[in-house]
Structure formats: structure tokens, C-alpha cells
Amino acid sequence: MLTLIKIEWLKIKKYPAFWWMLGIVALTYPGVNSMFYYGYEKATNGKEMTNNIAKFLLGNPFSFPESWHSVAYFSSFFILLPSILVIMLVTNEYNFKTHRQNIIDGWSRQQYITSKLFDVLIVSLIVTLVYVLAAAGFGVYADSSSVSQWTAQLQYIPLFLLQTFAQLSIAFLLGYLVKKAFIALGIFLFYYLVVENIAVAYARFKLNDIGRFLPFEISDRIIPAPAFFSRFGKDAKASYDHALSLIPEHVIYTILLTTAIWLICYAVHKRRDL
Amino acid sequence: MQPVLSINGISKSYGSIKALKNVSFEVPEGSVFGILGPNGSGKTTMLSILLDILKADSGTFAWFGQPGSPETRKKIGSLLETPNFYHYLSAVDNLHITQAISGRGTDADIDHVLEIVKLAERKHSKFSAYSLGMKQRLAIAAALLGNPQVLVFDEPTNGLDPVGIAEIRELIRELAIRGKTIIMASHLLDEVEKVCTHLAILKKGTLLTAGQVDEVLSNEDIVEVSSGDPDHLKSVLNEFPGYSSIKQEGKNVRVFFPVGTAKLEEINRFCFEKGITLNLLSVKKKSLETKFFELTND
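Protein chains in written order, with this note's numbering: chain H, 32 to 305; chain R, 7 to 304.
These are calculated hints, taken from the structure and not from any lab test.
Bear in mind the structure is a predicted one, so any value in this text is a computation, not a measurement.
There may be inaccurate statements among the hints.
To be verified - Every beta carbon over 10 Å from chain H, so not counted as near; a handful from chain R, in silico:
id, residue
1, Ser22
2, Pro44
3, Glu77
4, Phe91
5, Glu127
6, Ser131
7, Ala135
8, Ala182
9, Glu245
10, Gly248
11, Gly256
12, Leu270
Unchecked claim - With a straight-line cut-off of 20 Å between C-alpha atoms, the simulated EDC-like cross-links for lysine to aspartate or glutamate are:
id, chain 1, residue 1, chain 2, residue 2
13, H, Lys45, R, Asp99
14, H, Lys237, H, Asp266
15, H, Lys37, R, Asp99
16, R, Lys269, R, Glu300
17, H, Lys44, R, Asp113
We put the CB at the ideal spot given by N, CA and C, even for glycine.
So that you can see chain R by itself, here it is in the shape it has in the complex:
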């Protein structure tokens, strides 16, 4: 299947600062693709290039197999960096402009998307009178207008309260179920981990990794064990063959194995034979946060 987006060797500098260094990856159709990275890692620069706001120094990209153009952008609902609207116009009037430029949606759709983001009651208020969260909701409404197949969200939950964050997360899940491709930049790891199927991690303009979330996260198996005497447990497990590292965390001991090599039965038997009865034995998935810090820390 042709990827929705393919990026080949994109580089971009601002003077002496290299914002992106030869970045390449592909976004498969129907994926929720998270672009992760600390502040200043190049996430927004990347999305800006893909939407023709910035010009890449080198490299190419293709949407739906075609070079980026106004026609490809019209098919993509995008929220880039901040909600950008005419301050003196109402939500409805602003969406009329979005609709007229992109050709996406109808008058009825405008009401519909405002209902989705819960702005229907304030649809005739001026944008300048909106709170930060309401502005963000309007930007999401604009992206949803006309039900595009591809959505680009740059920090979609910026400025939202906890309820708003949960609602947007739910909305993204629903969109994914309906087969939309969603490209989402974020530095909120929890947010990405909860909704994304694929991810790319950027650091100082370099792509560290990209792929399916499971693949990226599970480059090792983590087995968590515990017993009445964790210190003794750790010293016994030191003799267990095949692990790559071992750590004691409070009452629990974590044993790390190369991916696919952890065998719980063998660990259980080994401990039992050494006279230790385990009260905990489970395989832990590495959290995105752990992985992220591992990759991005110098």
C-alpha cells in the first residue's frame, strides 16, 4: 500500500543551527503517527516544511505519492503550532474562510464540527473573546472540516484542561477507528503512548528511530520479580544465565533480557530451586517515557 506521506532526506538550517538533518520516514495509511521530541527537536519545523510554510534546504517529500502542492494540502486538515484565525471574526466566519480556501465542507459541516469540539454555543463570538482552550478547539474544528482523510495535529492538546485533553484523545481514537491517518507532533509522551500506532523520535534535528510503537518500545524484555527478601533475590538472580542487566527497584527486581529471550517458567523454576518463593513474576512493557529518555539523553 502506498504510504500517505513519505519523507526523503529533509534537511533545514536556520543560519548556523541545523534544525533537521537528513530526516526520512514514511507514514502508512490509517496509522496514528506520533512525532516525538524535546522542545527544539525539529517537530514543528518538519510539519511546517510538509505544509509549505518553510522551505527545506534539501530533500523531498510526497503526500499520496505526489510532491506537496496546494491541491494535496487541501486534502489535509491541519493544526500547526498555534490556532491562526482572524481575531475580529466569529468562529463561523473564520471557518467560512477555511472552507472557501480549502474547498472542504459545507455550511452544515461548519455547524457539525463546532458541535464536535463543543463550541456550538459560542459559534458567533469573536475569536478574540475566546480562551486559549477554545481557540485550540476551533483550530481542531477547522482541521476536521469536510472530514479529510489525513489530519496533521501539532501539539493538539495545548492549552486544554484535563477534560479537554481527554476529549481530544478520545476524538483522535475515534478518527483512527474511522480509518483516518493522523500525524501528531507532541512532547506529551503519555498522550502519544495512549493513541499512537507508529512513532518517530527526533532529537536536535536527527531522527533517532521510527516505526510501529511496539517495535520501537520492545527492543528488550523486562521481567519484574519480587520475593520476601529482594536483596537475596537479586544476588541469586545474578547467577541466572542470559540476562543483559539487572536492577533493584524498591521491593522489586527488574531483569532485562534481549528481546524474545525472557522465559518466565525458567526464572520461576531457577528461583524455586534456589529456595526462593516468588510473590511477583511478570513481563513489563517498557514505557514510552523510559524509552524516550533512554534515546534522547546524552
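Same shape as in the complex, but just chain H:
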């Protein structure tokens, strides 16, 4: 196991796109959350009545412990950034034909897929680390008086890791099956940004919300919209509470889907001509 990780690290550590993507993620996650944070500041920092109403309604989504939740939610919009990296990591192997060479040199086909699973896991852990640092930073910065509550809602860290790993696994499967980077990226972006969003929205109103079982939506639902969304009336509160109650169920669905994805990869790789 450790040898596989070491070998993958030899491949990744000098891959320029890896560091570029890491840099972009490290800038984007705090950056996007800052935008929301300054929007919040602007809405609540005046002395007028509306500012006070806004503050009352929103609370402070960026103070502890709510920052774990809010930052996870806003950051998760940008899963497509590490997804591009994951797709590149798998399609590069086809492009360079190193997926063959690794086997020729003495890996089993199973070890090859395991090594790729570690790639996706490594990227997920790095992305999660960036999220944790950003969420902790906002927590401390937004309201120093609530720092003592930092341990509440820590469950969003493993939830964010699971969501990231699950969604990057979908990206991996696409790259693995399609083999060509640009085609895989095209399909991924079109499906992730357009098709699934429309399908989920449509299903929510017309098909008894069956869209929650679509590949990305399954794991999107393990980090629902932050708590302040629940403060805009009774319906919003009910819908927020419902979303929270569905988290455990969706954690199970996410684990099942992700396990299925990797089992498919192992099964296909065991049989197919390389």
C-alpha cells in the first residue's frame, strides 16, 4: 500500500498541473467564501434597521461553529477544479501509454486501480485540508467571541471529505472510461454544470424530488445549504430541517455509489485489453 502511494507521489510531485490546480484551489476556496463574507458584512454592518434585520435573519454564517458548514457548502461548488486534475491524472496514463508500462513493469491490474484510488484520495485530502484551513480562518476572523464553540459541527469535515472523494470518483470514472482528456472534461462539465442541475430542479417540482438520486446530487445533499437559509419563514425552516434529516441517508447512498464506481473500475480493468 505504502509503496503504491510512494510511486503515485513520484508521478504527481513533478506534474506542473498538480501544483497549478492546488494553487488555484488554495486561492478559490478562501476567495469565494470571502465574497460571501464581505456580502454579509455589507448587509449587516450599517446602523439602519434593515442592517439589523439582516443580521437577525442571517446570524453569522462565518463564525464558529457555523463556519464549518457554510464554508463547506460554498467551497463545494468548485469541485470541478480538482475534478479537472483527477481527469488529467487518469487520461495522462492513456496518453503516455504508461497504463500499459506500469503493468509491464510488474504491477497487477488491481494494483493499478488501487494506485489511482490513492490519487483521488490524496487530492480529496488536500482539498479537504484547504477547506479546513479556510473554515477555521473564517471562524476565528468573523467573530472571535464564538471561538470557544469551534468543536460543534466538526462533522462537516468528514462530510466534506466524503463529498469531495465521491464527486472526484465520478470524475475519475469518466476519465477512466472515456480515455480522452478533452472529451471527458467536456462531458463532465456539461453534465455537472447543466444537465444535472436542470434535472434536479425539474424533479424537485414534478417528480417527487427523485433527482436526489442523480450521481452528484446524492452527495451534494450531505452538505445542505447553510442554516441562515432556514430563517426566511416557516417553509424554509421545514425544508432545512428536512434536508438535515436526510444527511445520514445520503451518506449511505454516497458510500454505496462510490463503492460501486470503484468496483466497476476494478472489474473493467481486470478484463479489458489495455
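Put chain R on the given structure of chain H with help from the hints.
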């Protein structure tokens, strides 16, 4: 002695195209085994199956008496079809990956094999900056890493200049002298003839022949003779008993006999008795090229 590789009835199809049809042969230890065939004859498909890149439809093979596995592949230095390396990594970094996966060689060995293939000066350049010939040399270096007992080379001189081709041929000879078993696919007959001890010839997926080079080539004796009047010589030799065919090529006449039956003294005496003085009388070995075209032409 147990063969290094034994292949039993391997078949492989791509859709309706049969790439290999029930191919069987054995590679003895210490041999330089050439797999010959025109483009599309199934050479690379065969080697790909032996290295678990492709799955055979039927048939089995064994390396060192054991079914193919990651452990057997680790003992074999292989260059299959094209040099396959990470483009953004240097030669040294790429060989570190080969070393880590195969467990063959050390850091010092990496420098050593890069010196053998004359890439030491460019060892820190990225693979993407290499010429075709340099890429091929790196692939050979990767195969040599850790001094494996068995080497598989698929078209090893692809992309090399004439000097490079001669160097690789020399390298293969040296490896053979050191007792390595080398399995080499090629369509360059000259290359195979110069270095191989054994060969197998494939055509459209069918094994035409396999065995020691001498056995495969010498299924007949060719006697080349010449005199001042080759036309007359040919008409006289037509009366000579025991030959299987006779051909005139320019000033020379070639007489073909079943293997082991050509007797130069008798031919000389026969011609002399018929009043012809020969100015050339020799046994020619059939060139691999002749044999190859004979076998592979429809």
C-alpha cells in the same frame, strides 16, 4: 532444461479479425529468439499477451515454468511497441518509477543503464524534449535496469540512426554472451539474422515455423557455380542427377539440392568430364530474406 517461456495454443481475435491462431512455441534459456513477420502478423499482439497487456481468447503461456503474473513480469525487462514514459518527468525520474514498480535495480544502476544507452548527459532532461531515438534508448535503458535475465524487445531499433542500430545490435550480442535470454520481435530481417540464434515466423496470426536459425534456414543446400559460358553450364547441369531445381542468375548458376545431399566434388568432376572448367563452386546459405519471402508470400 526448462524453457524460459512456453506458449501453448494462444489465439486472439479483434472482432472478426483473428490476430493469432493457435500459436505454440518455446523459448530456450540463453537464446536470442527472433519473432519475425510482416506488419500486422501478430508479433506485438503476441508479446502484449505475454506481458498481460492483452488477454488471450484461449491458450496458455508460462514464464520460468509458472503462469504469467506480476512477479514473473518483474523479472523481465521489456520494451513493448513504443517507449512509454511520463512526458513531464526526466529520464532519471522515469527510471525511478520503473525501479519502484519492478523492484529491479538501484539508484546507481539507473546511472549505469543511462550510460550504456548513452543518455547520461541528458539524464535530467524531460522525456518530452527527447528525440525519437533518445526515447527508444531510454526504453532500452528501462528494460536493462537491474540486469534482468530475460529481455523482451519489440522492434528495438525503431527510430534509431544507423550508428544507433549498430550499437543496439552490439548490445544485444553482448547481452547474449552474458547468458541473457532475449526475445525480439522485428520486421528487419537483417537485424534478426545478425543476432538471433532462434526464430519464429508469423504470418497473419499463424505460426509458419519456429526453431534454431540454422534449422529454419537450411531446408535445402544451394550450390553456386560459374564458368566462362553460363548458358552452356546450365544446360550441362540439367543432366546432373539429384538436384531439386536450377536457376541462372547473371553469370552464376544456382543448383538446389535436398538438405545434406549436395556434393561439391561430384559436381566439379561432372562438369570437368563434360569439358567445363568452373571458376566458382561454393555452397550458399539461404539468406533469411529469401526464406522469409518464400514462407510469407502467398
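Taking the hints in turn, this is what the structure says about them:
no., hint, result
1, Ser22, "holds (16 Å)"
2, Pro44, "holds (22 Å)"
3, Glu77, "violated (8 Å)"
4, Phe91, "violated (7 Å)"
5, Glu127, "holds (20 Å)"
6, Ser131, "holds (13 Å)"
7, Ala135, "holds (14 Å)"
8, Ala182, "holds (22 Å)"
9, Glu245, "holds (60 Å)"
10, Gly248, "holds (52 Å)"
11, Gly256, "holds (49 Å)"
12, Leu270, "holds (50 Å)"
13, H/Lys45 to R/Asp99, "holds (9 Å)"
14, H/Lys237 to H/Asp266, "holds (18 Å)"
15, H/Lys37 to R/Asp99, "holds (13 Å)"
16, R/Lys269 to R/Glu300, "violated (25 Å)"
17, H/Lys44 to R/Asp113, "holds (19 Å)"
The earlier numbered hints that this structure contradicts are 3, 4 and 16.
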